[in-house]
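Trainee: Please arrange chain B on chain A, whose structure you already have, making use of the hints.
If you want the building blocks of each chain, they are given just below.
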Amino acid sequence: MSRPRTWPAHVFLAAGALVMLAPFAWQLVVSLQTLPDSLRVPPKFTPSWQWSNFADVFRSVPLARQFLNTVVVTAAVTAGQLLLCSLAAFAFARLRFPGRGALFLLFLAVLMVPGELFLIPRYEIMMELGWLNSLQALIAPGVFGAFGTFLLRQFFLSLPRELDEAASIDGANPLQIYWHILLPLVRPGLLALGMLTVMWSWSSLLWPLVVNTDPEMMTLSAGLASLRGQFLTNFPILFAGSVVASLPVIALFVVMQRQLIAGIAFTGSKG
Amino acid sequence: MHSKREWAWGYLLIAPMALGLAVFYLWPIVQTLYLSMTESGVFGGYTWVGTANFADLFTDEEMYGALANTLLYAVLVLAGVPLSIVVAALLNVPGLRGLSLYRTLYFLPVVTMPAAVALTWSYLFNGDFGAINHVLGTVGIDGPYWLGDPDFAIYAIAVVGIWSSIGYNAVLFLAGLQGIPRHYYEAAEIDGAGRLRQFFRITLPLLTPTTFFVMVITMINALQVFDLVYLMIDLKSPALEGSRTIVYLFYETGFVQNQRGLAATIAVILLGLILVLTAFQFRLQKKWVHYE
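Sequences listed follow chains A and B, in order. Per UniProt numbering, numbering of the first sequence is gapless, rising by one per residue and ending at 271. Per UniProt numbering, numbering of the second sequence is gapless, rising by one per residue and ending at 292.
Just chain A, same shape as in the assembly:
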């Protein structure tokens, strides 16, 4: 069979890729324009090297603080998810105990419920604890998740039983089997879940918006929303903030894209 022509596919894919990329490229350009330049008709496509936009955005909202908040929350949520989900997933996949099936169904049921249903009671819990406007309010609900448990359980199920049996005969207890033998083998699953969690946690808006109204305690998503309220159509400033807020995850994605894409493809095959 002759090699099929691929150039027609390239034409369409490249055109589409341009549509995907152009808004980012333009955001970057406008973040370096002066305000009058950004409002020109027809639009100006070159930067005016107004680096002060970045300084301005850091001055007008506590952006550095919000950046740090977002890093801390995302790191804590991701670490918590990886540990707690993998522990539960291991138990569901490898240990037998009464009620396991029913418990797992309950976990799955949680997966089906839209997030808005959790919001008001969680807000009240945080109020009771005096945790409104704190980072732990953003971390505590985030470290628990049925999705991650489900995802990692599939990875544990794919490993051969002989591994646990051999270790068990050697006198290892389940915690040792989990930590020393199986956890290293589900590394692809952990990386996939880790990337998905970083992405979701970094970007989430509704919960941070509701629970932390003090600008010092906001994450970047909510910070951008308040920046918009402040600057309306001053897009160079807004875009400087957007670039700072979105660049870390984009950079991480470029490095870790295989793991993230494997995770997403997995949700499709097992969904």
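Everything labelled a hint here was simulated from the structure, so no lab data went into it. Since this is a predicted model, take the numbers as computed values, not measurements. Be careful, since some hints might not be right.
To be verified - SDA-like, lysine to any residue: derived pairs with alpha carbons at most 20 Å apart:
| no. | chain 1 | residue 1 | chain 2 | residue 2 |
| --- | --- | --- | --- | --- |
| 1 | B | 4 | A | 102 |
| 2 | B | 236 | A | 168 |
| 3 | B | 286 | B | 209 |
| 4 | B | 4 | A | 24 |
| 5 | A | 44 | B | 134 |
| 6 | B | 236 | A | 231 |
| 7 | A | 44 | B | 131 |
| 8 | B | 236 | A | 229 |
| 9 | B | 4 | A | 168 |
| 10 | A | 44 | A | 59 |
| 11 | A | 44 | B | 127 |
What the hints assert, rightly or not - Label pairs and their calculated CB-CB ranges:
| no. | chain 1 | residue 1 | chain 2 | residue 2 | range |
| --- | --- | --- | --- | --- | --- |
| 12 | B | 51 | A | 25 | 47 to 55 Å |
| 13 | B | 278 | A | 64 | 19 to 27 Å |
| 14 | A | 12 | B | 290 | 21 to 29 Å |
| 15 | B | 288 | A | 130 | 48 to 56 Å |
| 16 | B | 143 | A | 133 | 37 to 45 Å |
| 17 | B | 135 | A | 229 | 26 to 34 Å |
| 18 | B | 187 | A | 184 | 25 to 33 Å |
To be verified - Far from chain B, some chain A residues (derived; all Cβ distances over 10 Å):
| no. | residue |
| --- | --- |
| 19 | 51 |
| 20 | 135 |
| 21 | 180 |
Every residue gets a Cβ at the ideal spot worked out from N, C-alpha and C, and that includes glycine.
Mentor: Then chain B, alone, in the frame of chain A:
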């Protein structure tokens, strides 16, 4: 292993997650169902009002507006799903070079914070100096104030919604495409079927399980849209009337007007809507999804 000890280990390892899910997921579900039957007082506290909130929302124009806007948004975003199939099919062309570069580019919008995406597009959609109206102007069309006009806002937001999810869906479709056995195509080639015919007769039918899954999750996500509306439409804009979604109304009611009981009722209605429409999709799938 001793079975009693295995039981104990099982419960012990599941306990942290189970407790967390109970506190932050299960209890809130029960609590929200209860709150949906209450009215929140000015100084906190809730009084039981039975189904009065549901009755109120049943005659509430804003609620109907939000319902209509949300459903329209969902339909528009679902109509964009075929774009992802096309992208995935092109990425799946045998011998294509640069696959991972394309995948990265199409995936950029997925990994970008929705708040930043929304800001970018509100610049592009600006009525006075936005690029979209400028392009439309060059072909003689006088573009509207997309984000200031209740008749256009939800369409502009749907464009962004589709744009942000093409890469995500294309990855799912690509995985589906790669699962279609080669021999179908080889047989078709022997029969002399062209590429386009193969696509419609083999690829699309065998891809339907993935298509179904993508349609379901796209719909569920679309029914919960909030970020894009919140960042693209000004709080006092008249366009809000044409773009206020159910979750937006939920946020406004619960956390701007502090009527948490009523907001809980909106959340319960959203749950009902999602359940009914998902069940409907599952019923419908028997007519068009092919399982091997």
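Trainee: Run every hint past the structure and note whether it holds.
Mentor: Status of the hints after comparison with the structure:
1. 4(B) x 102(A): Answer holds: residue 4(B) to residue 102(A) is near 19 Å, not above 20 Å.
2. 236(B) x 168(A): The given pair, whose Cα atoms are some 65 Å apart, is violated under the 20 Å limit.
3. 286(B) x 209(B): Holds - the C-alpha atoms of residue 209(B) and residue 286(B) are around 11 Å apart, at most 20 Å.
4. 4(B) x 24(A): Violated: residue 4(B) and residue 24(A) sit about 58 Å apart, past 20 Å.
5. 44(A) x 134(B): holds (12 Å)
6. 236(B) x 231(A): Answer holds: residue 236(B) to residue 231(A) is near 15 Å, not above 20 Å.
7. 44(A) x 131(B): Roughly 10 Å between the alpha carbons, so the hint for residue 44(A) and residue 131(B) holds.
8. 236(B) x 229(A): Holds, at roughly 11 Å.
9. 4(B) x 168(A): holds (15 Å)
10. 44(A) x 59(A): Violated. Residue 44(A) to residue 59(A) sits at ~26 Å, over the 20 Å cutoff.
11. 44(A) x 127(B): Satisfied, since the Cα-Cα distance of roughly 16 Å is no more than 20 Å.
12. 51(B) x 25(A): 47 to 55 Å: holds (53 Å)
13. 278(B) x 64(A): 19 to 27 Å: Roughly 43 Å apart at Cβ, these two residues miss the hinted range, so it is violated.
14. 12(A) x 290(B): 21 to 29 Å: This hint holds: roughly 26 Å between Cβ atoms.
15. 288(B) x 130(A): 48 to 56 Å: holds (53 Å)
16. 143(B) x 133(A): 37 to 45 Å: holds (42 Å)
17. 135(B) x 229(A): 26 to 34 Å: holds (29 Å)
18. 187(B) x 184(A): 25 to 33 Å: Hint violated: Cβ distance 43 Å, outside 25 to 33 Å.
19. 51: holds (19 Å)
20. 135: holds (16 Å)
21. 180: The claim stands: residue 180(A) keeps its Cβ more than 10 Å from every Cβ of chain B (closest is about 15 Å).
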